[in-house]
Amino acid sequence: MAQVPVQTIHRDPQLFYWILIPITLVMILTGVLRHYATVLMASAPKKFDLPTIREQRSLMRGINLRANANAVSPSSFQVRKDYLVNAFENGAFLKEPDKKGQGAPNPMTDPAAMEGMMGMMKGNMAMIVPQTLIMGWINAFFSGFVIIKLPFPLTIKFKSMLQAGVATRDMDPQWMSSISWYVLCIFGLQSVFNYLLGSDNAASQMAQQMGSMGPGAGAQMFGPGVDPDKQFQGEAENISVLAHHYTLEGVENRLLESVRV
Amino acid sequence: MEGSPTKEGPTSVASAKSSVPSSSLSFRNMHRVFTASRTALKSFSSYADLIRSSPPPSSSFYAMTSSLLHPPAHLPPTVALQLSQQAPILLQSTPSSISPYSLSSLWSAAESPELWMTYENLMLSCLRTGDEESAHLCLERLTARFGAENERLMALRGLFQEAISDDDAALKQVLEEYEAILKKDSSNIPVTKRRIALLKSLKKTPEAITALNQFLDSSPTDAEAWAELADLYASQGMYQQSIFGLEEVLLITPYAWNIHARLGEILYMAAISGEAGAEKYLAESLRRFCRSIELCDDYLRGYYGLKLTTGRLLTGVPQASRQAKSDSVLAAPDSKTVERLNETATAKLTEIVRLSTRGDAAWGGYDKAELIAAKALLDTDTVKTTR
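Chains as they are written, first to last, in my numbering: chain A, 2 to 262; chain B, 5 to 391.
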């Protein structure tokens, strides 16, 4: 079988200086800029007023009691159980006791919830706007250039990935177009940003995407659109059906068995 | 510093167990384990308390470098002194201001939480040793970074002012400042805690208890506050309430062996104070100590309490009255078990005292005062048996 002749394309070396380096540089600078923009735009962590703190922590207290009830004696547990179940069912810890039983407020009309959404929006905007601008800029100035040849062979499937914007059917997939270099930069500069800005920077999209996928458990628990009364009712039920096993029962025998002098 | 007899409660346990820690001490031990609540714990130990209740100097158990990242409250005085002597050098070597937005942060090392923790701990150490200038410098740098409106910094500034005030009048002024802050923003938790600590060091215990109860109503998951409340109640001889508070702590941190032991101590104090149901208290106290040893091998306080409770069960109470048990409470174990427990505790205490006074490397880290108290207990025991 005849050897496939190696494709050679004569490129102007200026391509390297005027396309490859500018794109890389601009990408890095945008990342740094985005980091600082996010830091500046970040709204301070939301401060809760006292009734809200009381509501949340009282619920936590119920959860703690349920999880760790075995540490206290049966009588102590009974006292706490009676008190908490009663208080939870009556809504004694609610932030707005008169709104009990009305269901969760609509998150769209709740100003506090809107604020949280605005924060999310800001984060997304800081990512989308520069992304769009730079994509447009590269399209306008550098589309259609083949800039480098990768030093390793690739299969034909990579053509669409590496040669975006260059519609040449027979060109070897090793050749890479400027737009593909841009896309590669988006995903490949993570470690550069880590080096420049520290590991918890806001420049990488990866972290942002992860963040938007799985919001923290705390946000789900006390987030907008959750009816605290429902949570209290559920917790009251959990506590009232709890079986109590006292840890101190037989501890002296356990100790005598385990301790060797 | 004046002695604080009120702290230990009026019972004879306190005098027998010279090593019974004041509340803040046991608190701090817990703290060593549960660093998560770091911020909270510090806020309660006022300057005066720091000096009054700091443990005696121990060996070079604490390495110099790491101690600045630890909460300073449980540092022995010698180490605190060492730290604060290094303060001027340390303050010079670190950059005077770090802004999160400056361009230079691109190539200089990134600021780390450790740096600010170091500043905070350095400030507390300096206040302990009276180096107010360095403390003020630390405070200023923290303020430059986080702003004067930061809640934690408001509390730190209050602490600084408490430390430099010489008399009660000045302290009262600080108290008024706290109240002014709280009137504006009642959800400022660090300042709320400082106010309670200040009330406590001004010896206004009833007010402190009221304030703590108010605070715990809105923040019932604060283990530190519950423990502090339990301690204040114990100092007033209100053991029932104190026990309740410690049980709440256990519901939040069920594996804190020092809290188990502390609860055992309070139960024992309740038992010998002649309250109704001494039987029940003593049995539970014994089991609490057992549990604390189960959670932490060779726990000196646990064995000490175990020996004390078993000794009392063996000698003091006639067998007959022990039979009258209520249905919901575990009765005391039978006398044979109690005897075996007593023997175990005695043997273990002897071993711990022997090995750690000999200076065995693996047996360091025990509190000297606690060792002395354990030794004294063992000595009284031998005197009794020889007679």
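None of these hints come from the bench; they were simulated from the model.
Hints are supplied without guarantee of correctness; some may be wrong.
Simulated pairs of lysine-lysine, DSBU-like, Cα-Cα distance not exceeding 35 angstroms [to be verified]:
#1 A:Lys47 x B:Lys187
#2 A:Lys100 x B:Lys188
#3 A:Lys96 x B:Lys340
#4 A:Lys101 x B:Lys188
#5 A:Lys96 x B:Lys379
#6 B:Lys188 x A:Lys123
#7 B:Lys208 x A:Lys231
Here are a few chain A residues that sit away from chain B, every Cβ distance over 12 angstroms (derived from the structure) [to be verified]:
#8 Asn91
#9 Met162
#10 Phe188
#11 Lys231
Sample of chain B residues at the chain A side, in silico, Cβ under 10 angstroms [claimed, not checked]:
#12 Ile193
#13 Tyr259
#14 Arg295
#15 Asp301
Note that the Cβ used here is the ideal one computed from N, Cα and C, for glycine as well.
Now for the hints, and whether the structure bears them out:
| no. | hint | verdict |
| --- | --- | --- |
| 1 | A:Lys47 x B:Lys187 | holds (20 angstroms) |
| 2 | A:Lys100 x B:Lys188 | holds (26 angstroms) |
| 3 | A:Lys96 x B:Lys340 | violated (55 angstroms) |
| 4 | A:Lys101 x B:Lys188 | holds (28 angstroms) |
| 5 | A:Lys96 x B:Lys379 | violated (54 angstroms) |
| 6 | B:Lys188 x A:Lys123 | holds (30 angstroms) |
| 7 | B:Lys208 x A:Lys231 | violated (41 angstroms) |
| 8 | Asn91 | holds (16 angstroms) |
| 9 | Met162 | holds (32 angstroms) |
| 10 | Phe188 | holds (22 angstroms) |
| 11 | Lys231 | holds (20 angstroms) |
| 12 | Ile193 | holds (8 angstroms) |
| 13 | Tyr259 | holds (8 angstroms) |
| 14 | Arg295 | holds (5 angstroms) |
| 15 | Asp301 | holds (8 angstroms) |
Going through the hint list in order, the structure does not satisfy hints 3, 5, 7.
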